[in-house]
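Using the sequences and the hints, build the whole thing.
Going down the list, the sequences are from chains Z and H. With our numbering, letter number 126 in the first sequence gets 126, and the count goes up by one each step, no holes. Just remember that our numbering sits 1000 ahead of the position in the second sequence, which is counted from 1.
It should be emphasised that the hints constitute simulated quantities derived from the structure, not laboratory data. It cannot be assumed that every hint is accurate.
Short derived list, chain H residues pointing at chain Z, Cβ under 10 Å [stated by the list, open to error]:
| hint | residue |
| --- | --- |
| 1 | 1016 |
| 2 | 1026 |
| 3 | 1049 |
In this text, a Cβ means the ideal position worked out from N, Cα and C, and glycines have one as well.
What follows is each chain in one-letter form.
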Amino acid sequence: MKVEALEYGDKRVYTVASFNKGVGAWLSRLPTVWVEGEVTELRRQAAWQSVFLTLKDPDGGASVGVTMPRSKFDALRLELKDGERVHVFGRPELFEQRGDFRLRALSIERFGIGEHLAALERLKQKLAAEGIFAAERKRPLPRLPRRIGLVTGNDAAAKRDVVTSVTARFPAAQVLVAEVYVQGPRAPAAIIDALRRLCQQPELDVIVLARGGGSFEDLLPFSDERLVRAVATCPVPVVSAVGHEQDTPLCDLAADARASTPTAAAKLVVPDLRDLVERLDRQRAALARGARRGLERHSQRVIVLVERLRRAPALAVERKAARLERQAGRLRALSPRATLDRGYAIVRKREAIVRAAREVEPGDRVEVEVAEGAFGARVE
Amino acid sequence: MSELTFEQAERELGEIVERLERGDVPLDEAIALWERGEALYRFCRERLDTAHGRIEELTRQSQS
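Here it is in structure tokens:
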């Protein structure tokens, strides 16, 4: 599009109309986009060609004028009212007569709680299918963390509640607090950044993500896909203490543990000092008992060995005496006396035992030994 | 011992107690175990008794 300029020497000057026309031409080249906001100042009149409304960020920030041809608007049958959340599909446009910039809507969709819930549900299904919420992914929490990271809003309540509950159970707790935006569109990135920075701190063993109760929309950042993924992949176990019992932001499902109150969160991250000291003292008593029992068993064994050692020499003598007796018995059994008792006699000729008749001749003198005594005899 | 975490020390103490209670440990080892157990106990108690609570703020500057 050609824009005519007036020439004053070396100065090029535009009329308001041509300036607007030029800017308008630039704007019209921008692509169509979806814009989310709250409807205010909706103006629709049967006599008008277009419907006008102002689209606003809910936390009171920016706003932009929106126009839509009335026939198109009516065809949508949205029955929109001020304060409703919508998604507007359109492109920027300049109303050249006035130099007003606005969003020219091609379509408008209501985005209420119902649509929000449906979108959340779809996200939940998707993340669940990826296994982000799986029980196997949950890590155990340390029993006594060296340092505890606390991510909390700059509203004092949530921070105070968690800190008081933690120090009541365990006065020596080391808590590192990261205060961040926990509400609005900047919250997810801020919380992710806080998680990342806490994880860089030395000795940090667990992180508590805490936020007090709030409206459905207040808690939405805690269901943000990027934040949910950051919680699931956080190098340090995360306890989610967001909202109240009935709220289930998706980060609750991705965290390693979930607490419905600050007190419950404290219970999860620090042990009760009194319980701990008591158990430790019980362990020590058991240690002493165990050591004593072991010593007793060993000294008992030593006593038994000493007794056996002392008995050993006497035992050896006894054993030898017994063996001697056995040998004597066997010796006695072999003695010829028993044979003589049965009526046999031993005949000796000059001290030699006579075993055959031819060893003697008539007239020889022999000695005859019987069971009781001996006498001489002569061979015939 | 200082490189141990409280949990590791506490777990080891429990294991030592169990071994000693089973009673099948050689004497020298039993004495060594007992001494180790006492040291672990002292370590744990010290961690509990001497630690002071500290609440700090993570500042922007601590971002490296």
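Here is what the structure says about each hint:
1. 1016: holds, 7 Å
2. 1026: holds, 9 Å
3. 1049: Holds. Min distance 9 Å.
Every hint from the earlier list agrees with this structure, and none is contradicted.
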